[in-house]
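*Asks:* Place chain B on chain A using the hints.
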Amino acid sequence: MRFKFPLLAIAVEVAIIVLFALYVEYEMDPDLSQQTNRTNSTAADQSLQLYPLFQDVHVMVFIGFGFLMTFLKNYGFGGVSFNLFIAALGLQCGIMAQGLLHNREQKFHIGIKDMINADFSTVTVLISFGALLGKTSPVQMLIMTILEIIIFAVNEYLVVEIFKASDVGASMTIHAFGAYFGLTVAGILYRRGLRKGHTKEKSVYHSDLFAMIGSLYLWMFWPSFNSAIAEPGEKQYTAILNTYLSLAACVLTTYAISSLLEKEGKFNMVHIQNATLAGGVAVGTCADMEIQPYASLIIGSVAGLVSVFGFKFLTPFFATKLGIHDTCGVQSLHGLPGVVGGLAGIVAVAMGVTDRFTVSSQAKALGSSIGTAVGGGLVTGLILRIPIWDQSSDLDCYDDSVYWEVPEKKEYD
Amino acid sequence: MSSRAGHNGDPLFMDGSFSSPPQSSKSTTLKPATTLSPHLPALTPTQSISINAAPNLWFLVFQDVIIMAALGLGFLTSSLRRHCWSSVAFNLFMLAFGVQWAVLLNGFLEQPSSGGIVINLYSIQLATMSAMSVLISAGSILGRVNLVQLVVMALMEVTAFVILRTFGKKFLYMDDHISLTYSHVFAAYFGQMVDWRLSKPLLEEAKEKVQMATGPGLFAMLGTLCLWIFWPSFNSALLDVTDERKNALFNTHYALAVSAVTAISVSALSNPGGKINLIHIHNAVLAGGVAVGPSCHLIPSPWLAMVLGLIAGLISIGGAKCLQVCLHHQLGIHDSCGVRYTFGWPGLLGGVAYIVQMVLRVDWTWNPMMDQQVLIYMGMLAWVVAIGMLSGLLTGLILKLEIWKAPHEAKYFDDQAFWKFHHLATGF
Chain A
1 MRFKFPLLAI
11 AVEVAIIVLF
21 ALYVEYEMDP
31 DLSQQTNRTN
41 STAADQSLQL
51 YPLFQDVHVM
61 VFIGFGFLMT
71 FLKNYGFGGV
81 SFNLFIAALG
91 LQCGIMAQGL
101 LHNREQKFHI
111 GIKDMINADF
121 STVTVLISFG
131 ALLGKTSPVQ
141 MLIMTILEII
151 IFAVNEYLVV
161 EIFKASDVGA
171 SMTIHAFGAY
181 FGLTVAGILY
191 RRGLRKGHTK
201 EKSVYHSDLF
211 AMIGSLYLWM
221 FWPSFNSAIA
231 EPGEKQYTAI
241 LNTYLSLAAC
251 VLTTYAISSL
261 LEKEGKFNMV
271 HIQNATLAGG
281 VAVGTCADME
291 IQPYASLIIG
301 SVAGLVSVFG
311 FKFLTPFFAT
321 KLGIHDTCGV
331 QSLHGLPGVV
341 GGLAGIVAVA
351 MGVTDRFTVS
361 SQAKALGSSI
371 GTAVGGGLVT
381 GLILRIPIWD
391 QSSDLDCYDD
401 SVYWEVPEKK
411 EYD
Chain B
1 MSSRAGHNGD
11 PLFMDGSFSS
21 PPQSSKSTTL
31 KPATTLSPHL
41 PALTPTQSIS
51 INAAPNLWFL
61 VFQDVIIMAA
71 LGLGFLTSSL
81 RRHCWSSVAF
91 NLFMLAFGVQ
101 WAVLLNGFLE
111 QPSSGGIVIN
121 LYSIQLATMS
131 AMSVLISAGS
141 ILGRVNLVQL
151 VVMALMEVTA
161 FVILRTFGKK
171 FLYMDDHISL
181 TYSHVFAAYF
191 GQMVDWRLSK
201 PLLEEAKEKV
211 QMATGPGLFA
221 MLGTLCLWIF
231 WPSFNSALLD
241 VTDERKNALF
251 NTHYALAVSA
261 VTAISVSALS
271 NPGGKINLIH
281 IHNAVLAGGV
291 AVGPSCHLIP
301 SPWLAMVLGL
311 IAGLISIGGA
321 KCLQVCLHHQ
331 LGIHDSCGVR
341 YTFGWPGLLG
351 GVAYIVQMVL
361 RVDWTWNPMM
371 DQQVLIYMGM
381 LAWVVAIGML
391 SGLLTGLILK
401 LEIWKAPHEA
411 KYFDDQAFWK
421 FHHLATGF
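Chain order of the listed sequences is A and B.
Residue 262 in UniProt numbering sits at position 262 of the first sequence, with consecutive numbering throughout.
Residue 278 in UniProt numbering sits at position 278 of the second sequence, with consecutive numbering throughout.
The following block holds chain B by itself, in its conformation from the complex:
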């Protein structure tokens, strides 16, 4: 994000494709950007400032998404007392791994006939956003699995997600924007099921390690803020009409602002001493962005998005407060980093909001096929949840096999199982 004013001159980014040879003169390199992204503002090379102020928006959005994935999701899960190194580093590893696998799979499924896969900036962006679902699911099992299990999970989850997108596109008319904003719901339920299969009662010595410490808590706040600031870019990344894109940016921005205010005040309200819980803040301030995702380009005025942000903040804190404990006891789902109430429920709320928006937008008298349309919109959400749960269950069963040599319960949530320490166990 530091260098967003300088990439316009690079022919690689302007062209957006590795398949054509790099060009040298600026006038020719400016042109192909419009073929890749017809909605982008035309660049005017005569004014020096317009190049500085409006470089290739695709690359800027891509940068924002990378920051969200590597810094945001990486640090978001780093709040555990003795598991910070693993959280950040495994996150980066899964991101790098998942992106490559997703590029390959997307290529095979979308260009089956041609000999090679042509990749461009858009396909890498799509792959990054698909790999983010792995990072989200990993949040609910981090600390209890080793790197091999995470790799297997990344393989399974990216495959499941690409299948979801391909069939969704074919039968339910899901465009990329819808499937990627629904990816939070998918990832949350996937992680939930894996978590359910892997959960074991915690030993006494591990219970102390699942608490937050001050320093890691602040690092997690850095991750939250990175996600919070760049969420509008994520929600608008795959839209190609300028007006829709702007609407998406604005609605996400206001929904996030409201959910931040709501989360902090409701967190204080729900504590007997009126104290605020930082773990709630890490997660619930993001709920607005998740909830507004699928319908962010359709909402016509800011107050509707703000109402959605308010409800999302409320259910997110409510869920964290009440259901977290009860589910933990009843089902044995542990959910290390609160994925369920950051992404799961706000995502479902977003799905419902999208269905409502679509129903409200269509003229009932004009369109006799409306019943079927509503069924299709509901089908999308059901399809996403169903695939998430099924593939999650399957992955959980596979990860439970003995051959992966999962860490022993005594070593749960401990960096020491994976990292070399120069000093003694108590000294870090």
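So here's chain A without its partners, still in its complex pose:
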């Protein structure tokens, strides 16, 4: 840890700067606008209109996901600050990976749309990071970030360019992909010593409250997430509305089911923090399709239901029986609702709401997302298992004091 992480990180950063110097240019170079006709300047104005949406996505990535991961009582610093590290590194890798895949020219030009896509690619890493929260070293996170973003870019290329499927809010390519990637890695990195649980893997009152900050930011800005890369105009408008409705419906079922499943009808804070967001995940694929408002309400309700049941039964089952320990429960927040979203997309296309996509292309996209995620997760997990990455011992898991200078506890804190 003393030198391995910082030197590796700075080396990666320098390498990225060199790659940027070689390949990346801004999209409105003066000579470029002279070559093309006058419509170019209006195109530049148009893309500046995307900036507010980009900012919303940015808030979700850095504040939303960051604070959502502060729920562990001794891992708050790590949750929010490693989140910042992964996302800041990931967005640079994302620009490079997507630019190199989608362009055939010597240099490629980046604009706000590419920044949104880069932020999206970091979301997959953050979701996978949720499954591994507290169990990995910074070096492992760094390596996983780079590998996962490359694999994500390949899968996204397959889904969008080869299968030509629709996934505007990225239920499949981001949420299902990120979740199953993270789960596979978590399965490979499983710690036998911790199968009975860990004393520090608990939340306290104020750490749950911090996590709620993240949850609320995600909830508020999710309509922007699902509509950010939709076609401007009617489609973007539909995406905002559908997500809004689905999220609202999801909150209702989450509270209802949570109270139903817990003893004495009390609410479980874990469900409230996470399952309320499942509606936004699940409506992603068909957000910009002409589904009726009631359909997005149905999607949201089903997602909330599936998610709470997942947290209650599936996450413990995976941890005890299958040897896949999922700290944040990304299986139930992103994995299952992502699959629900993929299926909803297939159903919506089959019912004929759009003629631009086919059932088979949507099914292929869902299959490829999960397949690539599991395959990529296997490779990444095996690489992360090589014992040279400063893995922490079982005892040191879920503890900030291993990687952070933490303040000493005082009685009134």
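Keep in mind that the hints were calculated from the coordinates and are not lab data.
Note that the Cβ used here is the ideal one computed from N, Cα and C, for glycine as well.
Incomplete in silico selection of chain A near chain B, CB under 10 Å: (1) Phe5; (2) Val12; (3) Val18; (4) Leu22; (5) Gln49; (6) Phe67; (7) Gly79; (8) Ser81; (9) Leu84; (10) Leu91; (11) Pro138; (12) Asp400.
Covered by chain B, according to a simulated footprint, are these stretches of chain A (three or more residues, beta-carbon under 8 Å): (13) 51-61; (14) 69-78.
*Replies:* Same frame as chain A, but now just chain B:
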């Protein structure tokens, strides 16, 4: 930031001025926005979505700056163990106070002849950004002064800053963008001098209170993230050509990303145990945004901004690590919240980067006046630092007077001096 898709229909914001009567029909309200801000994309009321996706950018940018000032700078300074309430609340107070004073002063100095001051969204934005310099300077003395002293400081600092802008505009051709991005340097050196005049050796019981605690540390991280996310808006807020604005957004974005990665890894490198210090993270991840500020609209390609972000992250952590301790011992400057290495040095780096950019851009053979030009660019930076230090020194001397009844040393960094607690001292 929650409602950025809905303000286009409000005639007040579209018009940008309180002086004209509110209009009711949408077609007429859309027009005046272009007179205020000629670079903004034309709104097309026929498509419903374009209104939703592109409301008045001025108002959006203004909202972002307000979030940076109230939430970002407010929570950034809240990491001290027993001083969180005061940090956030005094910040809001100084912001509200400073904005009003700045609106008045800007109005008097810019429209001296007319009978009344006409204010619009732009002038409020300018005033907010000027008041942010007060919030930054306050970061270096928070915890050791009372509210009255902060009010006096806000009065002095906003006045000094408006004078700086007015004379800078007249003699050194500083536009609003340059003077407001240099405001970080100004604020850092202003705060430094006040801090130097006010510093006293800490008592034993206060030493325990200047440490960070876990909960407040996370709140400070919330402030950092608010600043980090919205910094591109700050740097591009006062530019009026679309291309420059876009360049500014992109360059700031990439510089910030690089300085975040650099700060976290260098913080781990500089600790004997390889551990990361959260206080470094609170401050140094922002250094890239400060450093790229003055030249952000001129940098032509992303990697240059990224190099600037890398250097800024390095000097920020280096400064926090080495010079913080040494300056504290030698000069007795305390610097409660690390203003010097968040805003001071990265700001100076930004000033140097701006001079270099301007020198590189101009064709030497074509322009015989170049020597003088370079002198003017250097003069801007020197002027900003000089005014910051002089007015800071003066303010420090005034704040040291007995009449303000500054808190006793035993009550430094303690919310109890200012707030009503329902429970006992140890119970919060």
